[in-house]
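Novice: Starting from the structure of chain A, add chain B where the hints point.
Sequence order for the protein chains is A and B.
With the first letter of the first sequence counted as 1, position 73 gets the number 89 in our numbering; the numbers rise by one all the way through.
With the first letter of the second sequence counted as 1, position 60 gets the number 124 in our numbering; the numbers rise by one all the way through.
These aren't lab readings, by the way, just hints derived from the structure by calculation.
Hints are not guaranteed to be accurate.
Restraint ranges, calculated between C-beta atoms of paired labels, are given here [what the hints assert, rightly or not]: (1) A:Trp-163 x B:Arg-70: 16 to 24 Å; (2) A:Val-124 x B:Trp-78: 41 to 49 Å; (3) A:Gln-133 x B:Leu-106: 44 to 52 Å; (4) A:Arg-166 x B:Ala-113: 23 to 31 Å; (5) B:Ala-113 x A:Met-123: 39 to 47 Å; (6) B:Ala-74 x A:Ile-139: 54 to 62 Å; (7) A:Leu-83 x B:Leu-115: 44 to 52 Å; (8) B:Arg-70 x A:Ser-142: 45 to 53 Å; (9) B:Leu-106 x A:Ser-66: 50 to 58 Å; (10) B:Arg-76 x A:Leu-83: 54 to 62 Å; (11) A:Met-97 x B:Trp-78: 29 to 37 Å; (12) B:Glu-77 x A:Gly-96: 37 to 45 Å; (13) B:Leu-106 x A:His-140: 43 to 51 Å; (14) B:Arg-68 x A:His-140: 56 to 64 Å.
Glycine included, every Cβ here is placed at the ideal spot set by N, Cα and C.
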Amino acid sequence: MKERKLNMSCPQGWSQQWSQKTPAFRRYFFRFNGAISSFVALSFVLAYLSLHGFHPRGTLACIVAVLPATAIVAALVSGGMYLSEETDEFQRHLFVQSILWGVGGIMVLTSVWGYLQIYTQIIHFSTIWTYPFFLLFQAIAWGVLRWRNR
Amino acid sequence: MKNRLRVLRAEREWSQADLADRLEVSRQSVNAIETGKYDPSLPLAFRIARLFESSIEAIFSDTD
Chain A
17 MKERKLNMSC PQGWSQQWSQ KTPAFRRYFF RFNGAISSFV ALSFVLAYLS LHGFHPRGTL
77 ACIVAVLPAT AIVAALVSGG MYLSEETDEF QRHLFVQSIL WGVGGIMVLT SVWGYLQIYT
137 QIIHFSTIWT YPFFLLFQAI AWGVLRWRNR
Chain B
65 MKNRLRVLRA EREWSQADLA DRLEVSRQSV NAIETGKYDP SLPLAFRIAR LFESSIEAIF
125 SDTD
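For reference, chain A alone in the conformation it holds in the complex (with noise of 0.2 Å):
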């Protein structure tokens, strides 16, 4: 609480920044990392594994190509978890907005690359690829919010 008074007559870095966050939000932002580095590290782990002949078949097969959705549901939950324990009302209603604009964007892009699919020659659309947009337009959102209400 006090750190954020003397704050207030300096221009503000990011420790400052960092400061003036709530506590939900550093459990959130440790939590979202954590299943975020997770992803991209398991990502490329079993990338260079199948350029290196790991072709696993059957039950392996399943749990190895489900490994990487699994950090994406951690990052979806921290996400939920942010929202449960945020106190601040206002942070959580900034939040939920970015969710919303990123929920949009998605349905956007896909309903528009499908029937791009059906009448054009345009490259197929995977869905692996869902998630990351979607963080990419909630990120967006939640920049332009948080500039909008500085």
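Specialist: Showing chain B alone in chain A's frame:
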């Protein structure tokens, strides 16, 4: 919805950050409420009213 938050805060010579600390919300929340971009929930409106020792109706108004 209009409110007198900025006036009440100015009377006490509090910054937005000071008020945010007292309400245990972010400074952005105070700014959004003051500028009418965001209407607080009933529990937060009660906290604001209690802090300024006033009624909710005396601070918030749905008419000009």
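Novice: Tell me the hint numbers this structure goes against, listed in increasing order.
Specialist: Per hint list: zero violations.
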